[in-house]
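Asks: Taking the hints into account, I'd like the entire structure generated from these sequences.
Chain by chain, the residues run as shown.
There are 2 protein chains.
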Amino acid sequence: MINIAVLGYGTVGSGVVEVCSMNKESINKKLGDKIFIKKILDVRDFPDEPLADRFTKNPDEVFLDPEISVVVETIGGIGIAYEYTKRALEAGKSVVTSNKELVATYGPELLAIAYSKKLSYLFEASVGGGIPIIRPLNKCLSANQVESIYGILNGTTNYILTRMKNEKISFETALREAQIHGYAEKIPTADIEGHDTCRKIAILASVASGEFIDYNQIYTEGISCVTDRDIVYADSLNNKIKLIAMAKKDRGNMIELRVAPAFIPVESPLAIADDVFNAILIEGNALGPAMFYGKGAGKMATASAVLADVIEAILHTHLTPHKVLWEQTNTIRVKKHENCAVKAFIRLLEGAESKDLLEKIKSCTDVTILPKQFEDEFAFLAGKTIPITEGALSDILEAFKRQEDPSKKSSFLSMIRLL
Amino acid sequence: MINIAVLGYGTVGSGVVEVCSMNKESINKKLGDKIFIKKILDVRDFPDEPLADRFTKNPDEVFLDPEISVVVETIGGIGIAYEYTKRALEAGKSVVTSNKELVATYGPELLAIAYSKKLSYLFEASVGGGIPIIRPLNKCLSANQVESIYGILNGTTNYILTRMKNEKISFETALREAQIHGYAEKIPTADIEGHDTCRKIAILASVASGEFIDYNQIYTEGISCVTDRDIVYADSLNNKIKLIAMAKKDRGNMIELRVAPAFIPVESPLAIADDVFNAILIEGNALGPAMFYGKGAGKMATASAVLADVIEAILHTHLTPHKVLWEQTNTIRVKKHENCAVKAFIRLLEGAESKDLLEKIKSCTDVTILPKQFEDEFAFLAGKTIPITEGALSDILEAFKRQEDPSKKSSFLSMIRLL
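So the sequences go chain by chain: A and B.
In terms of the numbering used here, the first sequence is numbered consecutively and its last residue is 419.
In terms of the numbering used here, the second sequence is numbered consecutively and its last residue is 419.
Straight line, CA to CA, 30 angstroms or less: simulated DSSO-like cross-link-like pairs of lysine-lysine:
{"#": "1", "chain 1": "B", "residue 1": "K24", "chain 2": "A", "residue 2": "K248"}
{"#": "2", "chain 1": "B", "residue 1": "K34", "chain 2": "A", "residue 2": "K249"}
{"#": "3", "chain 1": "A", "residue 1": "K57", "chain 2": "A", "residue 2": "K34"}
{"#": "4", "chain 1": "B", "residue 1": "K24", "chain 2": "A", "residue 2": "K249"}
{"#": "5", "chain 1": "A", "residue 1": "K118", "chain 2": "B", "residue 2": "K24"}
{"#": "6", "chain 1": "B", "residue 1": "K248", "chain 2": "A", "residue 2": "K34"}
{"#": "7", "chain 1": "B", "residue 1": "K118", "chain 2": "B", "residue 2": "K24"}
Simulated restraints on C-beta separations:
{"#": "8", "chain 1": "A", "residue 1": "S236", "chain 2": "B", "residue 2": "P406", "range": "54 to 62 angstroms"}
{"#": "9", "chain 1": "A", "residue 1": "K86", "chain 2": "B", "residue 2": "A52", "range": "51 to 59 angstroms"}
{"#": "10", "chain 1": "A", "residue 1": "A352", "chain 2": "B", "residue 2": "E18", "range": "56 to 64 angstroms"}
{"#": "11", "chain 1": "B", "residue 1": "D214", "chain 2": "A", "residue 2": "N216", "range": "53 to 61 angstroms"}
{"#": "12", "chain 1": "B", "residue 1": "G32", "chain 2": "A", "residue 2": "P387", "range": "36 to 44 angstroms"}
Derived by calculation from the structure, the hints in this document are not laboratory data.
Here a beta-carbon is modelled for each residue, glycine too, at the ideal position from N, C-alpha and C.
Replies: Below, the structure written as structure tokens:
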């Protein structure tokens, strides 16, 4: 019998208990042994839960129990979760988590402790919910050099953008709807502003490169600036607007990273990911393109990924662990955002000022004026063939915004990148 | 330094050598050691290849060399490949292969030998070329019960069906074109008639269920009967015709298996797989649906999957191996084809006989007559809501064909299943 403990009985933690019970037979068959959830650590009371007798508020009952060999951390955040993860590893227990924030923040340290103790620290569920992505990237693509990763990694924003497009509603209406359906939090900032997606692409890029990518280095924009008018333009170009996380090698040895809404052609495989679905398109130098698609969140899906890691940790107990996944590296390989090339859709109010801006952009790069969709404004694509950098484009747009009369409505309406 | 040998220097075998050289640095970093291809066994001469000095025609130079710890089998077929795989395992060497025929035929025996010797027998590249699918299914979905697998697993047939649809050409023309481009063999039977797909779904179903599914038990139809007129009808229903491999649990404990062309709605995620691309849609009871998509064949892609398995085999050397993947089972869990429910598109010549057949089918199940696409014929969908079995439908169609005048053109034109 293998004893495990679950830390934090929220959505994912309770899902782990539920999947463990639902698929007990097949899990035990796979394992050739029985999993027993010996302790569940949570500060709250759960007198009516099926495993009510296993709950404890005392962490020592987990960390000082030599019988517990694997600990599931589903507390979330980087406070107590960090402390408990370290304590578990130092007490000789493998740790499995769905906590992307912790992995993206303290991954190298926690992996190093696990490695030194010949333990596992596994986090398949931290990206893509139940979709297999970390292990395929780490194991199945190990003979490839990963050239690029493009991902739709956040279900909340994807649901909102899908509703905005299909129902022709505003961002605010779609967000309220998402909150009512439980797809968005009451304080939705982490999702809406791209922070969640940023941590996830940092993890994927770190797994792909074998070097730790600090998420603070990743340029991140959310979707709150996307309007229904932008979506009308996207539609007219047979494109969808998605919150796209990107990690891409440039021709040198640098990595371009970005989280931002983007126009993607409907023929792109990524475009099938609507509603709360996620999709991750990876290009390997030998493999070519491969895509992984599924529900990127959800209690049972995420819990099943956590439990698969538990099974893996158990099967690997007492085995020489693999090389540590992520080296802390001194070389700054993340390309500065301002030096990255950009292609963009730009929308402006009709008027003399806007014409000036258009001319300015035309003097730096190519411009394609789009068929007019609304009376009072115009839109164009910039940078499709003649490269322009994020820095150069941003300088032009910022200077334009600064010179405008702050008491009037700005002539600049939106800028959304093309994939 | 880790010494490996490659058996068979065909497309995949030479690809392994090429990828190993192309990505040497990143592979060695992942491994924390160096891979060295010590021997390449082939009966042919390759005096001009970069590793010309490593070729041998003498199998003893591989199997009796204690320094060689991993053997790559890319010979193909079930003759010498079987013999050499056994010899390698018995000599204490892990074996990695892309040989679906061998895995689908002798998988349980070879896995059992590997297990008893604490070695690996890995075959990620046997299904989906370079697309990660075996390991995700085996490892990442280990806490799920797999409810169904639907796959487009053969690039040749998918290329032909895509060209037939997009270019409005006949099967024969598309096949010739595929042969010219090297996507189809001169003798294309194994691909065209679904045999290749059949072995692949047998492997996937075996991995998913943990029990060996004999491919001989799988009902298999190819695509040679699909006509351009069928595709016109599919188009009119906003469907595509794809060669679909299916493995699905029924409500009892039985598995329905089938390889046959099928109508799939363009909104199905599978429908994005055109040309030589493959896609595999898996439904887990906790995960829900997840899809894996990419190039299902090709020298470099397949070779990169083989090499990823080599890395895995090396990292696992001297470790307690996992439980054997496939139990040889006595319980016949494959549901008899005639007992499986079917929904079908049926196309008939206009005429009194056809009306009789239509009435006969109407007396057993529901029928939807489709808008007429061609003057001399009509088509309908059967079984969409009232279940009819493959056996019952086949009995009606066979009786109809038997009663027809063999000197005349048959009134029965085609029957293609709906997904």
